[in-house]
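**Q** Next come the chains, spelled out residue by residue.
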Amino acid sequence: MKEKMMKITPNVSWKDITPGGVITKSGNAEEFKTGDWRSMKPVWHEDKCKHCMLCWVVCPDNSIIPEDGKIKGFDFDHCKGCGVCTKQCKFGALDFVVEE
Amino acid sequence: MAKLVEIRWHGRGGQGAKTASLLLAEVAFKTGMYIQGFPEYGPERMGAPITAYNRISDEPLRVHSNIYEPDYVVVVDETLIKSVPVTAGLKKDGAIIVNTSKTPEEIRKELKYDGRVYTIDARKISEETLGANFPNTPMLAAVVKVSGVISEEVLLNNMEDSFKHKFANKPQVVPKNMEALKRSLQEVK
Amino acid sequence: MAKRVSLSGNEAVAYAMRQINPDVVAAFPITPSTEVPQYFSQFVANGQVTSEFVAVESEHSAMSACIGASAAGGRVMTATSSCGLALMWEMLYIAASSRLPVVLAVVNRALSGPINIHNDHSDSMGARDSGWIQIYGENAQEAYDNFIQAIRIGEHPDVQLPVMVCYDGFITSHAVENLEMCEDAEVKAFVGERVAPYSLLGENPVAMGPLDLPPHYFEHKRQQAEAMRNAKKVILEVAAEFEKLTGRKYGLFEEYKMEDAEAAMVIINSTAGTAKKVVDKMRAEGKKVGLIKIRSFRPFPAEELVAALKNVKAVAVMDKVDGFTGVAAPLHNEVRSALYGAAEGKIVPGYIYGLGGRDVTVNDIESVYNDLFKAIETGKYEVYNYLGVRE
Chain A
1 MKEKMMKITP
11 NVSWKDITPG
21 GVITKSGNAE
31 EFKTGDWRSM
41 KPVWHEDKCK
51 HCMLCWVVCP
61 DNSIIPEDGK
71 IKGFDFDHCK
81 GCGVCTKQCK
91 FGALDFVVEE
Chain B
1 MAKLVEIRWH
11 GRGGQGAKTA
21 SLLLAEVAFK
31 TGMYIQGFPE
41 YGPERMGAPI
51 TAYNRISDEP
61 LRVHSNIYEP
71 DYVVVVDETL
81 IKSVPVTAGL
91 KKDGAIIVNT
101 SKTPEEIRKE
111 LKYDGRVYTI
121 DARKISEETL
131 GANFPNTPML
141 AAVVKVSGVI
151 SEEVLLNNME
161 DSFKHKFANK
171 PQVVPKNMEA
181 LKRSLQEVK
Chain C
1 MAKRVSLSGN
11 EAVAYAMRQI
21 NPDVVAAFPI
31 TPSTEVPQYF
41 SQFVANGQVT
51 SEFVAVESEH
61 SAMSACIGAS
71 AAGGRVMTAT
81 SSCGLALMWE
91 MLYIAASSRL
101 PVVLAVVNRA
111 LSGPINIHND
121 HSDSMGARDS
131 GWIQIYGENA
141 QEAYDNFIQA
151 IRIGEHPDVQ
161 LPVMVCYDGF
171 ITSHAVENLE
181 MCEDAEVKAF
191 VGERVAPYSL
201 LGENPVAMGP
211 LDLPPHYFEH
221 KRQQAEAMRN
231 AKKVILEVAA
241 EFEKLTGRKY
251 GLFEEYKMED
261 AEAAMVIINS
271 TAGTAKKVVD
281 KMRAEGKKVG
291 LIKIRSFRPF
301 PAEELVAALK
311 NVKAVAVMDK
321 VDGFTGVAAP
331 LHNEVRSALY
341 GAAEGKIVPG
351 YIYGLGGRDV
361 TVNDIESVYN
371 DLFKAIETGK
381 YEVYNYLGVR
391 E
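Here the protein sequences come in this chain order: A, B and C.
Residue numbers for the first sequence follow UniProt numbering, so the first one is 1 and each next one is one higher.
Residue numbers for the second sequence follow UniProt numbering, so the first one is 1 and each next one is one higher.
Residue numbers for the third sequence follow UniProt numbering, so the first one is 1 and each next one is one higher.
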């Protein structure tokens with residue numbers, strides 16, 4: 001299959017689009033930057049964080065980045081600002097503030 | 001000139017008129033002829049009058065309508081004569097064959113038909129040879145004898161094979177069916 | 001070597017299925033389905049095929065299962081009829097728009113109501129715009145041949161569409177007739193193995209059937225339409241290869257005594273045979289009559305039909321369905337639309353005939369040709385006609 005048929009862009013023509021809307025590549029959600037849907041955003045206070053990782057468990061967009069069993073930071077390209085992580089934090093390590 | 005024989009069967013649901021028409025198609029097919037065997041489906045109830053048809057020809061058959069002017073009519077159940085116009089359209093130089101214990105002269109009085117009338121007591125033959133009332137084997141023999149679409153010899157040879165195949169699990173009934181066929185060829189009158 | 005056999009249309013199609021040995025057959029096994037799945041399930045039980053037979057709880061499920069199996073890369077088929085096809089409706093569109101080859105034997109029967117199980121073309125004609133290829137056949141031989149060819153047509157890389165193989169209920173499905181069957185090995189070689197461009201399974205699995213919003217849906221439909229256009233060429237290519245194998249010739253439609261014909265008929269399925277008999281009779285009487293039997297209704301061979309009808313003065317278009325447009329039934333609509341700009345005063349009446357199993361005789365067909373000659377002579381005729389209805 002031609003590489004261009006793998007790529008569904010807003011401008012793809014009927015000749016190049018995949019038949020029946022077949023999605024040929026797995027894990028392609030990463031290519032869609034959903035971060036700009038955000039009107040509220042989580043703010044992390046590293047000093048209060050116990051690295052219990054429950055925020056990572058509940059995040060529906062896989063936007064909390066772990067490293068060696070600890071929170072490293074946020075993927076704001078994909079975080080839609082749902083606030084679930086801030087709601088569940090028992091240590092006051094996550095605030096939910098208006099996006100500016 | 002193509003030879004085309006058209007046959008109409010009248011029976012009741014469950015008596016085997018459709019099966020008999022398919023058997024006739026099958027034996028004629030084996031002699032190299034072009035055949036059609038088809039039922040006219042109605043409500044498909046046990047006992048309801050049903051009609052089945054055969055076309056047999058030495059040329060390819062194309063017409064796909066029912067048969068309105070048959071060469072032969074076969075009546076598998078004589079009680080139908082009272083309720084179904086069995087002789088409708090039947091050609092004057094054709095013939096009708098009725099399953100009855102009556103004589104052709106007696107049955108003719110019940111039919112509005114001036115052509116040839118044949119009878120066969122298929123019930124009696126069937127009960128005496130097969131032990132039950134399966135009229136379609138005798139009726140098949142009768143229509144072959146009267147119409148001459150295939151020879152009696154071809155019928156007997158082919159049907160023996162068919163019976164052996166059909167009754168592979170109970171070969172003892174094959175000679176009985178063959179006897180029914182042979183007796184029927186003799187007794188149609 | 002061909003084998004000469006006597007079979008009913010349903011038996012012939014079930015035998016073709018056995019010879020093809022598909023991966024999956026999913027079917028709803030009783031009325032309003034056909035005997036085809038019943039015969040085929042016997043082949044499965046006897047070990048004559050290696051197919052997975054999925055007995056489902058409805059026709060909607062039958063088509064859903066076929067779609068899933070085809071999406072997984074399998075060669076898939078089923079059979080249905082009448083209201084059974086109607087119950088598949090939603091899924092017909094899914095199969096076609098997902099570009100999934102499935103071969104469906106449609107035994108043409110009336111749609112209720114009033115309740116009727118007899119032959120006409122209401123079922124498949126209702127599904128004519130579902131995106132399926134539709135191939136029609138006159139008798140058991142053509143049903144068998146079309147079924148084998150349908151595999152190759154639908155699975156062709158330029159097509160990738162599901163195919164309905166249509167033949168008349170009872171008249172063809174339940175009548176025993178002569179036909180020639182291919183050897184099992186010949187069919188196996190002819191159909192080959194399915195090569196699916198995408199599959200849910202295998203080394204490069206894909207996702208199918210996504211939400212398709214306004215930015216892309218239209219492009220997908222445009223591409224699907226192109227696949228249907230491509231099918232015309234593929235139907236002819238497959239037919240040419242099939243002719244090499246069997247000697248039996250097929251096209252987009254069959255022309256019968258059309259050379260120099262003044263009055264013609266365009267017709268579908270078994271009544272074409274009856275009409276050929278009438279053509280022979282009237283030709284013997286010196287009347288210039290001919291017949292065109294449509295084989296491929298979807299895609300519709302418009303340009304080819306215009307060329308074939310170029311010299312006729314009058315053509316009767318025969319529909320075994322009433323489209324209820326109040327203007328013209330489906331085939332009549334297509335033919336008149338094809339002739340737009342090329343009709344040049346041609347007389348093109350439509351006849352609705354044989355609804356709900358009403359028998360059609362040689363006399364009925366002859367009366368249509370006689371109508372055409374009268375129209376040529378007087379210039380007067382009715383456009384919308386019913387043949388064989390009690391007035």
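The set of hints was computed from the structure by calculation and includes no laboratory data.
Treat each hint with caution, since some may be false.
Unchecked claim - Think about it this way: if two alpha-carbon atoms lie no more than 30 Å apart in a straight line, the pair counts; the simulated DSSO-like pairs of lysine-lysine are: (1) Lys346/C - Lys3/B; (2) Lys92/B - Lys221/C; (3) Lys249/C - Lys3/B; (4) Lys3/B - Lys257/C; (5) Lys233/C - Lys3/B; (6) Lys33/A - Lys288/C; (7) Lys30/B - Lys188/C; (8) Lys380/C - Lys3/B; (9) Lys91/B - Lys233/C; (10) Lys3/B - Lys221/C; (11) Lys277/C - Lys92/B; (12) Lys244/C - Lys91/B; (13) Lys232/C - Lys3/B; (14) Lys232/C - Lys170/B; (15) Lys25/A - Lys221/C; (16) Lys281/C - Lys233/C; (17) Lys287/C - Lys91/B; (18) Lys15/A - Lys346/C; (19) Lys30/B - Lys233/C; (20) Lys109/B - Lys124/B; (21) Lys232/C - Lys30/B; (22) Lys30/B - Lys310/C; (23) Lys287/C - Lys30/B; (24) Lys3/C - Lys15/A; (25) Lys15/A - Lys287/C; (26) Lys244/C - Lys164/B; (27) Lys166/B - Lys3/C.
**Q** State for each hint whether it applies.
**A** A quick look at each hint next to the structure:
| no. | hint | result |
| --- | --- | --- |
| 1 | Lys346/C - Lys3/B | 39 Å, violated |
| 2 | Lys92/B - Lys221/C | 63 Å, violated |
| 3 | Lys249/C - Lys3/B | 27 Å, holds |
| 4 | Lys3/B - Lys257/C | 23 Å, holds |
| 5 | Lys233/C - Lys3/B | 41 Å, violated |
| 6 | Lys33/A - Lys288/C | 71 Å, violated |
| 7 | Lys30/B - Lys188/C | 27 Å, holds |
| 8 | Lys380/C - Lys3/B | 40 Å, violated |
| 9 | Lys91/B - Lys233/C | 50 Å, violated |
| 10 | Lys3/B - Lys221/C | 54 Å, violated |
| 11 | Lys277/C - Lys92/B | 24 Å, holds |
| 12 | Lys244/C - Lys91/B | 44 Å, violated |
| 13 | Lys232/C - Lys3/B | 40 Å, violated |
| 14 | Lys232/C - Lys170/B | 53 Å, violated |
| 15 | Lys25/A - Lys221/C | 22 Å, holds |
| 16 | Lys281/C - Lys233/C | 35 Å, violated |
| 17 | Lys287/C - Lys91/B | 28 Å, holds |
| 18 | Lys15/A - Lys346/C | 39 Å, violated |
| 19 | Lys30/B - Lys233/C | 39 Å, violated |
| 20 | Lys109/B - Lys124/B | 22 Å, holds |
| 21 | Lys232/C - Lys30/B | 39 Å, violated |
| 22 | Lys30/B - Lys310/C | 44 Å, violated |
| 23 | Lys287/C - Lys30/B | 37 Å, violated |
| 24 | Lys3/C - Lys15/A | 45 Å, violated |
| 25 | Lys15/A - Lys287/C | 50 Å, violated |
| 26 | Lys244/C - Lys164/B | 38 Å, violated |
| 27 | Lys166/B - Lys3/C | 21 Å, holds |
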